[in-house]
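Asker: Chain by chain, the residues:
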Amino acid sequence: MIRVLIADDEAMIRSALAALLRLEDDIEVVAECADGAQAVIMAEKLQPDICLLDLEMPELDGVQVADRLRSTGSATRCVVVTRHARPGVLRRALASGVSGFLPKSRSANEVAEVIRRVAAGARYIDPEIAADALSDERSPLTERELDVLRAGRRGESTVQIARTLNLAAGTVRNYISAILAKLNVATRQQAVLLAEERGWI
Amino acid sequence: MSASPPADPTENFGPGSIGSRRLSTGITATWWYTVAALLIFQLMILLLWIGAQTNLGKSPASVVTMAVGGLAWCLATVPLLVLYRRRDETAGVTAQWRSILLPLCISTAFAFIAGLTSGLWVMAVLPIVQSLMLLNWPRGVRMRLVMAALMLLGGLWFIDLRSMTSAGGEVAEGWWALGFMTILLPAITVSSLWWWDVLATLDRARAAESRLGATQERLRVATDVHDLQGHHLQVIALQLELSERLLTRDPKAALEQLRLARSSVAAAQQGTRDLAMRFRGVPLRDELDNAVDILRAAGISVNATVSGEVNLAPATILGPIIRETTTNVLRHGAGMRAHLSLKRDGDQWSYEITNDHAAENAHSADGSGIHGIIRRAAEADGSVEVHRGKHEFSIVVRVPATSIKKER
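First to last, the protein sequences are chains A and B.
Position 81, counted from 1, in the first sequence is what the numbering used here calls 81; the numbers after and before it change by one each time, with no gaps.
Position 44, counted from 1, in the second sequence is what the numbering used here calls 44; the numbers after and before it change by one each time, with no gaps.
In short, the hints are calculated from the structure, not lab data.
Ideal Cβ placement from N, Cα and C applies to all residues, glycine included.
One or more of the hints may lead you astray.
[Said to hold, decoys possible] Per label pair, the in silico range of CB-to-CB distance:
| no. | chain 1 | residue 1 | chain 2 | residue 2 | range |
| --- | --- | --- | --- | --- | --- |
| 1 | B | L238 | A | E197 | 34 to 40 Å |
| 2 | A | Q190 | B | A29 | 44 to 50 Å |
| 3 | B | V221 | A | A19 | 31 to 37 Å |
| 4 | B | S301 | A | T187 | 36 to 42 Å |
| 5 | B | S301 | A | Q47 | 43 to 49 Å |
| 6 | B | M151 | A | E197 | 47 to 53 Å |
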């Protein structure tokens, strides 16, 4: 038996998927969670073989849940499901040790198949998700510049950004002017908006 | 406007495109032209002053002091100008006080020296006024400052002239020109910078316009999505209603309707996806870079060799192949190494991807991907070679470069 935890904030989808997976002979749904935080607690308590996590959830998203579980040394393998993969998500998911990634449009049958494969130790990346990820528009900004934008996305002052990133305020200002020049915008707020819209941060 | 939808509305203007790079080079050049013009103007006024000092018969030591101090002052205005370009207009004048402190101190020191050695009020004030003009003032404030500077320098010049003539000295020939230029320096500086601001604003407006174009395109897509979904949902609703009615009388027919409804859902999903993907063409180069990034994120050590004008390669054929093969490596590879290469081979483009694979050879278990690749390559008169080694798996796809003209 493969013991599965399902986490999805949309109750209809969660219960329908759970019901359909319970029809499979070799799959046992051990928990249904409505948000990421609950999923982490239940997964630590029940130690399921597979966590089927929705990407878009309140509290913690699917990838963050996978990250938490991995950092606690849990042997649970995570499969993330999403309606539409925003750019950069696959990269983040793979880096967090997610073993499977598939779109929500897959039927319960296919989901069950992926669960079996991942439980057997394989990694499953849906071709649709991979295609989306490969056709991402690339960010012209460097990692450090993205860090600066991320640290300042809620309008934090330059000094606050500098403190968060352990940089000198002058260095942060230099990064910001480089960002403004690259993105061709006048203020940091505009840069943050643009980067969020494109999914770079 | 052309009738065919643009592959990517931001293609010609987006960050990183050739057009925008050329434009930004031009804008940078204009900036340095502005800086150079201002510096030359400052140096000219400095030379005029030194000339006037020599004419007045000041000692060589004081003339040299003037020259050295003046050069230091000119140099001190450079960082202020650089800060001016990078400024955030909403930040306020003291936002970068650490960086402006030293240049302002140098200007003040030179003003002091110039005032003492020449005995003229204008010279004691101009260096400070000029440096102050370069700071990040809010717009209205800058304008008022220029007016104040004009009046101040004019007044001081008048006082200096009075004191010179009252001391019995003759007003030298070049003095009127010198006075005129000295008084006008701040105004000329600010108007040059204003001109630069106009240019920078125009450039931003152009970028905003291209983004607006992209937004409008997106709105159009939203309408398309709405129409598409509306149609499919209606079909599905009817199929479900029918199966509900049939359920008791003819369960077999009801089941058939349910199956049809499911396939309608699949069609709707595919349609939505196709619509969303229609506008997502990225350059082949980016696609390769994304592939490398994602494989690395999955813990695979990747090296990639890409040569030549990759963006000339047939993207509509190679793009899907790159996506497919990368997915295969992610799914089946043993997860240690991978190598990607795309290069021009005479009149062919050759794309190769190699990876180490698990012993059970998972590739043969799922051959559909490879069939798809072979089909795509065949459509473009290309060829596919598949090598299954003991520990390695590689695919080489060759497509003729002749279809380039049609692609672009």
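Asker: Run every hint past the structure and note whether it holds.
Answerer: Results of checking the hints against the structure:
1. About 38 Å separates the C-beta atoms of L238/B and E197/A, a value consistent with the hinted range of 34 to 40 Å.
2. Taking the beta carbon of each, Q190/A and A29/B are about 25 Å apart, not inside 44 to 50 Å as hinted.
3. In this structure, V221/B and A19/A meet the distance hint of 31 to 37 Å, their C-beta atoms being roughly 35 Å apart.
4. Hint check: S301/B to T187/A, Cβ distance near 40 Å, so the stated range 36 to 42 Å holds.
5. Between S301/B and Q47/A the CB atoms are about 32 Å apart, so this pair departs from the stated range of 43 to 49 Å.
6. Checking the proposed 47 to 53 Å range against M151/B and E197/A shows it holds: the Cβ atoms sit about 48 Å from each other.
In summary, the structure is inconsistent with hints 2, 5 from the numbered list given earlier, while agreeing with the others.
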